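Q: First to last, the sequence lines map onto chains A and B.
All residue numbers for the first sequence refer to my numbering, where the first residue is 62 and numbers rise by one.
All residue numbers for the second sequence refer to my numbering, where the first residue is -3 and numbers rise by one.
FYI, nobody ran anything at the bench for these hints, they're computed from the structure.
Do not take every clue at face value.
As the list claims (entries may be wrong) - Below, a sample of chain A positions facing chain B; criterion: calculated Cβ distance under 8 Å:
1) 74
2) 175
3) 254
4) 256
5) 260
6) 318
Stated by the list, open to error - Partial chain B-side listing against chain A, Cβ under 8 Å, derived:
7) 47
8) 82
9) 126
Just so we're clear, the structure is a prediction, and the values are computed from it rather than from any experiment.
Beta carbons are placed, not taken as given, at the ideal position from N, Cα and C, and that holds for glycine.
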Amino acid sequence: MAASTTLKHRDVRDQPGFGTMACICLIVLYAPILILMIWSLNSGSIVTHWEGVSLAWYGVALQNEEFHSAARNTLIISVSATFFSTVMATMAAIGMTRVKPWRGLGTSFMVINLPLMVPEIITAVATLSFFALLAGQLNLNFGIGNIIIAHTVFCIPFAYMPIRARLEDMDLTLENAAADLYATPWQAFRRVTFPLLVPGILSGMALAFIVSFDDFTITQLIAGPGQTTLPLYIWNQIRRPMTPEINAISTLLLLVSILFVSVSFLIARRRK
Amino acid sequence: MASAANPIEAVQMRRNRWLSLPAVLFIAAFGIGPLILMLIYSFLKAAPYGGVEWSFTTDAYVYFLFQRDIFDDTLQFAPDFLIIYLRSFVFALITTAVCLLLGFPTAYFMATRPPAQRNWWVLLITIPFWSNLLVRTLAIMFIIRDQGLLNGFLIWIGIIDTPITLLYTDFAIVIGLLYSYLPFMVLPLYSSLEKFDFRLVEAGFDLYATRRQVLWRIIIPLARPGIIAGCLLVFIPALGAYVTPLILGGGKHLMIGDLIAQQFGSGRNWPLGSAQAFILMAAVLVALLFYVRNTSGKVQHGR
Chain A
62 MAASTTLKHR DVRDQPGFGT MACICLIVLY APILILMIWS LNSGSIVTHW
112 EGVSLAWYGV ALQNEEFHSA ARNTLIISVS ATFFSTVMAT MAAIGMTRVK
162 PWRGLGTSFM VINLPLMVPE IITAVATLSF FALLAGQLNL NFGIGNIIIA
212 HTVFCIPFAY MPIRARLEDM DLTLENAAAD LYATPWQAFR RVTFPLLVPG
262 ILSGMALAFI VSFDDFTITQ LIAGPGQTTL PLYIWNQIRR PMTPEINAIS
312 TLLLLVSILF VSVSFLIARR RK
Chain B
-3 MASAANPIEA VQMRRNRWLS LPAVLFIAAF GIGPLILMLI YSFLKAAPYG
47 GVEWSFTTDA YVYFLFQRDI FDDTLQFAPD FLIIYLRSFV FALITTAVCL
97 LLGFPTAYFM ATRPPAQRNW WVLLITIPFW SNLLVRTLAI MFIIRDQGLL
147 NGFLIWIGII DTPITLLYTD FAIVIGLLYS YLPFMVLPLY SSLEKFDFRL
197 VEAGFDLYAT RRQVLWRIII PLARPGIIAG CLLVFIPALG AYVTPLILGG
247 GKHLMIGDLI AQQFGSGRNW PLGSAQAFIL MAAVLVALLF YVRNTSGKVQ
297 HGR
């Protein structure tokens, strides 16, 4: 009897200890990142010895010529990959939701999602072989374009998901009304569908940008000399005697991810 | 789907299919093309300085399991690669199991919060999900190395006097994998539990079930699709992990991912690397088939 009275006072959905586990999860996920960030403020020159708070290492990082060129490469690659993948993903999402079901629909869906299912290291070595063949047999080398092509491939499914979700959630009556009022298909798209689709496109872009910006495995295997990106720059730093500069750069990379995730999250929340 | 009442709309609805072509062709050319090329490479001879020679051989698959004796040219069973595959498999399994143990209560707790709070929890789990894997692995390295905070802390509270070596061990790799892929477990579990109909829990209590019985006999069976999805999202990338063992294993404690990369780098045996990659791909396909068989054709709750 006592048991049933306590049951009534607690939320029926509660399970003992689950809240504690959730807090442990959060601590586990955030403690290492926060520690890394705090140590980026260390003024000393040895990574293991704390001397005081300063932004000195951010200054060192930001004045480093190698850092500049890595940042430039990263931006060129991720902005291009984001642009190409978002354009193709938007077209594909429309072509696969605003359409009469056709025979290749299931296959197309699988092809677009394929990059998500193949382990990254396999994509990396396969792409490496592919570009090596192009360079060796056909003398084709697009330089940094190689990396942009490889990134665009795995960015497409990430851009595709939120755009498709948005199209599926959208009320079709508006588009039909536009058609009934003699709007051409292009006008209906330009004036009705597209404005409603913008939040989906924006969060697709944010995701594509992050996965390209953060990519290490694929870039490391296919990048040639002079094509160092920020993650590769960090990797090169790990193999030297480390200074807090690496914490500073790592923190900057984390902040970029956090910024983009939060923006994408806020866009998604506003539409509700 | 809109009803295609007027003919113009019907034509348009059919024409739209061509819009998916650029994305499909792009991935076919630069995503599937390389995979097919690699399958071909795995049946070719290795060129001495990397790359391939165009003559057919199954050597790569033979050398996956055997080694040719340099004296009498016989094949001898050499399980080195197989051991690395088994190790990776075990690491991925442990990672998946621990992630599930930590992730399920977390996802359940998140799903039972009021909606406004739920959003913040989702954001908090999503941030590490999208954060740079290399940087997060580096953060783990800072903590567990000999002069790191963990050893410092253990010495400070007096449990140990000399640092214990954690970095560059199997333990470090498993910790790194856990840390990397925990959000991959929580998010799919959450999205399946979020749609859970909690009236079923009330019904369970009305029928005198205990909290534990409700959990094991109602909630967990109905959350199965989410559990399987989460396990796959952890297991597949953990099995093919490359960055984690590279940084936390120090090049000595290999997993499949590093083994493959090695054949394309210092090993200079592209066909062998391709064969190894395909054997990994086959393992992933088996896992995906298992997923398809376990989620289709059965009652799916909350969809």
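Q: For every hint, state whether the structure bears it out.
A: Verification of the hints:
no. : hint : verdict
1   : 74   : 4 Å, holds
2   : 175  : 6 Å, holds
3   : 254  : 11 Å, violated
4   : 256  : 18 Å, violated
5   : 260  : 16 Å, violated
6   : 318  : 5 Å, holds
7   : 47   : 7 Å, holds
8   : 82   : 17 Å, violated
9   : 126  : 5 Å, holds
Violated hints, in rising order: 3, 4, 5, 8; the structure is consistent with all others.
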